[in-house]
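Trainee: For reference, the chains in residue letters:
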Amino acid sequence: MTSDDAKRIILDVLSEIAPEVDPATVDHSVDLTEQLDLDSMDYLSWMLGIHEATGIDIPQRDVSLFLTIEGAAAFLTAHAA
Amino acid sequence: MIEFRLPSLGADMDEGMLVAWLVSPGDTVRRGQVVAEVESDKGIIEVECWEDGVVEDLLVTPGPTRLPVGFPLARLRTLDEGTAEEDTPSGPAAAARPEALVAAAPVWPGDEQTIVRHRGPSGPPRVTPPVRHLAHQLGVDLDHVLATGDDGVVRRADIIAARSQAEAGRPRATPMARRVARERGIDLDSILPVRNDGIITSAELTAPAAGVRAAPPPKSRPVGHEVPPVVVKSPPAPQEAPATDKMAAMRAAIARSMARSKREIPHYYLATHVDLGRAMQWLEDENGGRPITRRLLPAVLLLKATALALREVPELNGHWSDDAHHPSADIHLGVAVSLRGGGLVAPAIHHADRLDLDELMEALRDLVGRARTWRIRSSEMSDPTITVTNLGDRGVETTFPVIIPPQVAIVGFGKIADQAVVVDGMIGVHPVVHASLAADHRVTDGHRGGLFLDALVQLLQEPQNL
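Residue numbers (numbering that gives the first Met the number 0), protein chains in the order written: chain A, 0 to 80; chain B, 0 to 465.
Hints in this document: simulated from the structure, not taken from any laboratory.
Facing chain A, according to a computed beta carbon distance under 7 Å, are these residues of chain B, among others: (1) N286; (2) P290; (3) I291; (4) L296.
Each residue gets a CB set at the ideal place from its N, CA and C atoms; glycine is no exception.
Let the sequences and hints guide you as you build the complete structure.
Mentor: As structure tokens, this is what we get:
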């Protein structure tokens with residue numbers, strides 16, 4: 000999985016959780032909860048959606064990587080089969 | 000014979016429009032089964048039936064008529080009743096009050112393909128003023144209505160049936176979907192419904208349906224890359240916020256409820272810090288061994304502790320009606336869910352005190368998901384016995400919540416944040432949450448409210464027992 004593939008999945012799932020967000024305006028290096036109106040349930044749903052799309056589990060210790068799009072993409076590319 | 004009536008849809012929600020039947024005559028229904036969909040100010044509500052039985056007649060056809068709570072929707076035969084009974088009401092009393100027939104008699108004219116002009120002995124259609132008014136509202140010509148009442152009396156359901164027939168051949172859509180389509184100039188013929196029954200809902204016109212993969216906006220979507228949520232034969236209007244009338248209706252429902260609360264309920268407010276050091280550590284350890292699919296949110300601990308604390312101060316759990324308090328033996332926790340684009344619903348998680356943390360987490364996830372796609376069930380709307388609001392994710396430290404009538408208390412949680420706390424004479428940094436209680440002074444006093452918060456604090460010190 001390339002970083003672009005990962006980011007595409009990440010943003011696709013994000014638009015399911017927060018349909019009002021324009022993915023083009025999301026800053027990939029800034030904490031998502033600071034940019035977007037996401038609560039903890041949205042955040043969990045987002046990670047669950049990424050898990051469902053990729054089959055990759057996201058251990059609790061790595062959840063902090065998912066604060067940003069870049070962190071999440073790095074995790075996915077590192078763990079993709 | 001059991002009459003299935005439109006159930007209560009929550010305080011200050013006294014009418015709804017039947018959107019669709021999910022059962023047909025002859026179907027066996029089970030207690031708790033969702034049998035119909037009703038559109039209310041708080042979105043589409045899935046209406047459950049609370050009896051076992053066989054559907055005998057559907058008394059109302061889906062349509063834009065606003066039906067009052069308690070309106071008979073269907074008749075059920077109990078499972079031991081055997082075949083249909085002969086119970087057509089007649090006689091002078093019924094004939095004198097044709098409106099009463101709507102509630103008692105089957106009114107579905109069947110699959111008539113031809114609209115038959117049917118008149119009583121005296122010539123012109125026999126219509127009561129309310130039914131005439133309904134016909135006018137729906138644009139139904141009374142001269143072309145099949146009257147099924149005794150002596151040629153036109154009944155309310157005849158009007159609705161005529162209207163449904165007039166609509167046959169047009170795309171089947173909910174009233175709200177028709178409004179949205181009209182406002183945006185979308186041709187409903189161009190929308191393929193996603194539901195199995197073929198009825199187009201406003202969700203297909205406004206937001207991606209739950210569980211359907213959303214496509215990013217067109218500018219970033221590679222052609223042919225992904226199946227868009229709305230399958231259209233021609234491009235729809237650009238996606239916008241939910242329909243303004245939908246939001247306006249919800250705003251009005253919130254306004255009625257909250258104005259009544261502030262007008263009628265003498266609130267008192269209490270708040271306390273809760274040290275969540277142990278609870279968050281326990282949660283971290285617990286989640287560490289779980290896959291992402293089974294992870295628990297801190298909110299689940301707060302909800303469970305609230306439910307258990309209510310067992311110790313049960314008078315906070317219940318309803319105020321007819322100038323009296325009616326405590327509830329069951330604990331149905333209303334959970335305030337804010338909707339994207341504004342608005343709020345607080346449907347219930349039933350028997351929250353009896354669910355383990357995994358069950359509660361699943362119930363919460365399910366409820367929030369359905370609330371945000373405007374699909375909640377009638378029982379969830381009608382019977383919360385207390386509400387919990389958790390604004391912590393939005394960065395608020397303390398909440399001062401407003402009781403949702405006819406409930407008698409509401410519990411609020413703020414943000415979980417690290418704070419300096421003193422434990423055994425030592426200052427440490429622990430995660431802390433502010434818990435607050437707003438309660439009805441007609442029912443309880445601050446002392447009892449304080450005992451509730453104290454119980455809550457104690458329960459959260461032993462997360463493994465929740």
